[in-house]
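Based on these hints, arrange chain B on the given structure of chain A.
Protein chains in written order, with our numbering: chain A, 235 to 699; chain B, 101 to 292.
Hints may be right or wrong, so weigh each one.
Unchecked claim - Here chain B is said to cover these stretches of chain A; the calculated rule only asks that three of the stretch's residues, wherever they fall, bring their Cβ under 8 Å from a Cβ of chain B:
1) 325-334
2) 397-408
3) 676-683
Hints listed in this document are in silico derivations from the structure and should not be mistaken for laboratory results.
Where is the CB? At the ideal position from N, CA and C, for every residue including glycine.
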Amino acid sequence: MKTRTKYLLFGAVSASALAFYGTPYLRERGPEKLRHMPGRTMDGHYQIEQRCDACHTPFGGVANEACLKCHGADLEAASDSHPESKFADPRNAERVARFDARACATCHREHAPERTSRTGVTVPVDFCGHCHEAIAEERPSHQGRGPATCAQTGCHVFHDNRGLHEDFLKKHLGEPSLLAVAAVLPRAAPGRERRVPDDAPAALADAASSAAWAKSGHARGGVSCSGCHLDEQRVSLDGSASGPEPRHASRAWQRRPGFASCRRCHEGEAQGFDGGKHGMREAAGLPAMTAGSARRPMKAGAADRSLGCASCHDAHAADTRAAAVDACLACHDDAHSRAYKAGPHFKAWERELAGQGPPGSGVSCATCHLPRATRQGTDGARVAVQHDQNANLRPTTKMLRSVCASCHGVGFAIDALADAALVESNFDRRPRVHVDSMEMVGARARARAEKEAKKRAREAEEKAR
Amino acid sequence: MNKRCDGWKAAALVSSLCAVSCGGGKKPTGEGGVSPRRMADAIFTVVNADRTVYTREVVNRLQGEKVIKATEHFKEDKSLPLPAQMFRMGADLARKSDKGFTYALLSLWPINKQNAAKTEAEKKGLRQVGATGEPFYTEEKLGDRRYFTAVYPDKAIAEACVTCHNDNVDSPKTDFKLGDVMGGVVVRIPLD
Numbered sequence: 235m236k237t238r239t240k241y242l243l244f245g246a247v248s249a250s251a252l253a254f255y256g257t258p259y260l261r262e263r264g265p266e267k268l269r270h271m272p273g274r275t276m277d278g279h280y281q282i283e284q285r286c287d288a289c290h291t292p293f294g295g296v297a298n299e300a301c302l303k304c305h306g307a308d309l310e311a312a313s314d315s316h317p318e319s320k321f322a323d324p325r326n327a328e329r330v331a332r333f334d335a336r337a338c339a340t341c342h343r344e345h346a347p348e349r350t351s352r353t354g355v356t357v358p359v360d361f362c363g364h365c366h367e368a369i370a371e372e373r374p375s376h377q378g379r380g381p382a383t384c385a386q387t388g389c390h391v392f393h394d395n396r397g398l399h400e401d402f403l404k405k406h407l408g409e410p411s412l413l414a415v416a417a418v419l420p421r422a423a424p425g426r427e428r429r430v431p432d433d434a435p436a437a438l439a440d441a442a443s444s445a446a447w448a449k450s451g452h453a454r455g456g457v458s459c460s461g462c463h464l465d466e467q468r469v470s471l472d473g474s475a476s477g478p479e480p481r482h483a484s485r486a487w488q489r490r491p492g493f494a495s496c497r498r499c500h501e502g503e504a505q506g507f508d509g510g511k512h513g514m515r516e517a518a519g520l521p522a523m524t525a526g527s528a529r530r531p532m533k534a535g536a537a538d539r540s541l542g543c544a545s546c547h548d549a550h551a552a553d554t555r556a557a558a559v560d561a562c563l564a565c566h567d568d569a570h571s572r573a574y575k576a577g578p579h580f581k582a583w584e585r586e587l588a589g590q591g592p593p594g595s596g597v598s599c600a601t602c603h604l605p606r607a608t609r610q611g612t613d614g615a616r617v618a619v620q621h622d623q624n625a626n627l628r629p630t631t632k633m634l635r636s637v638c639a640s641c642h643g644v645g646f647a648i649d650a651l652a653d654a655a656l657v658e659s660n661f662d663r664r665p666r667v668h669v670d671s672m673e674m675v676g677a678r679a680r681a682r683a684e685k686e687a688k689k690r691a692r693e694a695e696e697k698a699r
Numbered sequence: 101m102n103k104r105c106d107g108w109k110a111a112a113l114v115s116s117l118c119a120v121s122c123g124g125g126k127k128p129t130g131e132g133g134v135s136p137r138r139m140a141d142a143i144f145t146v147v148n149a150d151r152t153v154y155t156r157e158v159v160n161r162l163q164g165e166k167v168i169k170a171t172e173h174f175k176e177d178k179s180l181p182l183p184a185q186m187f188r189m190g191a192d193l194a195r196k197s198d199k200g201f202t203y204a205l206l207s208l209w210p211i212n213k214q215n216a217a218k219t220e221a222e223k224k225g226l227r228q229v230g231a232t233g234e235p236f237y238t239e240e241k242l243g244d245r246r247y248f249t250a251v252y253p254d255k256a257i258a259e260a261c262v263t264c265h266n267d268n269v270d271s272p273k274t275d276f277k278l279g280d281v282m283g284g285v286v287v288r289i290p291l292d
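So here's chain A without its partners, still in its complex pose:
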């Protein structure tokens, strides 16, 4: 056999073996796969690291599409400042040759813990300089600031600049540290009351649960016991899931209704939950996350608590106040969480609960990490809770607009978020870090006003002549 033929044969056999054994391996899920992990995953991916195929295409590497499957909607909503299409323009060919920002993995390289920042970035912090090296010519105020400072807290975010663009900051110039009206969005107004009777079968009735339910929003909103406990699989008359005239194909009583039961009415909240660390495991087809499987410090006694709707929301009382603080602190045991009850935010929360503060003035864990947001639906806009607790983190500046600015002056909030020690101690003092973004914006606003004044004077002069 000729040498070339031998090589070809060897190559073909190797490729077949790799395809045969490798493809199912990528599709497998389970802890045994982690033995082959090339390096520690980023915090954001840790919960789904057993699902290699969530990111990797067999023999295809990591395609942008895999990233966009989870992050695409957020980037779209943020009007991504640096989308792939921007770099696909041939006029950027020279830049792309130096720094290929078309691929997500250029900046977000997985399994590289030694160079991964808290925001999941794996390139040196001065990467902005690849394209914006001459920024000081355009903005003299940036003279002397190196490219390593661009992405510091309170300045610029590569993808989402909704809370930092100049016109937004300009609207908030001169604000005090605490606004006169300091409150987050009000809860969605309750719908028309439609009380329904307790319809649990007598054999399964439980007086305590029934009493708790009777005081809940579910009872007021027309959701009886069967609304959650009766498992209804909707199958259409033609047998398909999406065919015409859906009917109830099966009706079995569930002692402990699962996520799917809540999801039937709370789809928006469920989608948010799926996207955050609490829910991404289950959404990826893995067993639900437990507190013990988190990387952040959790209380030892909570290790076996698994994450689902009922782990934070009492199934019958459905008291969102308990879900907003007590549920979080039952598991979380990091310095920021431990410091919460000694800080000013908790005091405001206590005042609101005691009726001494106006609605929305209290600051619970959920106020910042599961914030209320206006969601546009087919039937109009409504206030709902974002259940992806990571959505306004990474970087923390994203919280500025969606949360902090509801109660605080933006300049003060930028400084507070930039003070890492202050964040850790849960805002128990005033910021000791100052970011001069507001001064820069102020200076440009004055320059613009002067320019407009000169123009008006010139026009008046011409008119007089």
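The following block gives chain B in isolation, referenced to the frame of chain A:
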């Protein structure tokens, strides 16, 4: 009515030219015999017509009737996109479709410096369309690909274009008048 028909005809021409010339973005010229220049002209005709209609019939009309304004941060202001933003969003979406051709709105006096002329062809083209008001055609190599590059004059068609640029603190030129060439539309067709 005639303008609307012209728009549809131009759109149909671009679609057919893309199908014939680009072959899904692989080859710019083929058996259809459509030259890159004709294709670039057609693309410009459509995108320019669309923006003109948007400027006159949507932005100017609705602002004039005090129904809604056009502002840069249109999502948070719940307003209309500025005509130049509308144009750029279209260019961005077209680029995502990966059909080979691209187009961009550039200027020698850009508010955002990322929209300044960068390649030699862009610099020469923008200077020439500014001086003559006529299209400029050339070929250039960007990265490892050759392109047919056409630059078309972009004129101030509405008072809003002039006032917005003249009043912006970042605008390097503040004495634009209606009808002035404010920049250029650059259309690129890959030749390889």
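Task: Ascending list of hint numbers which this structure does not respect - done: none
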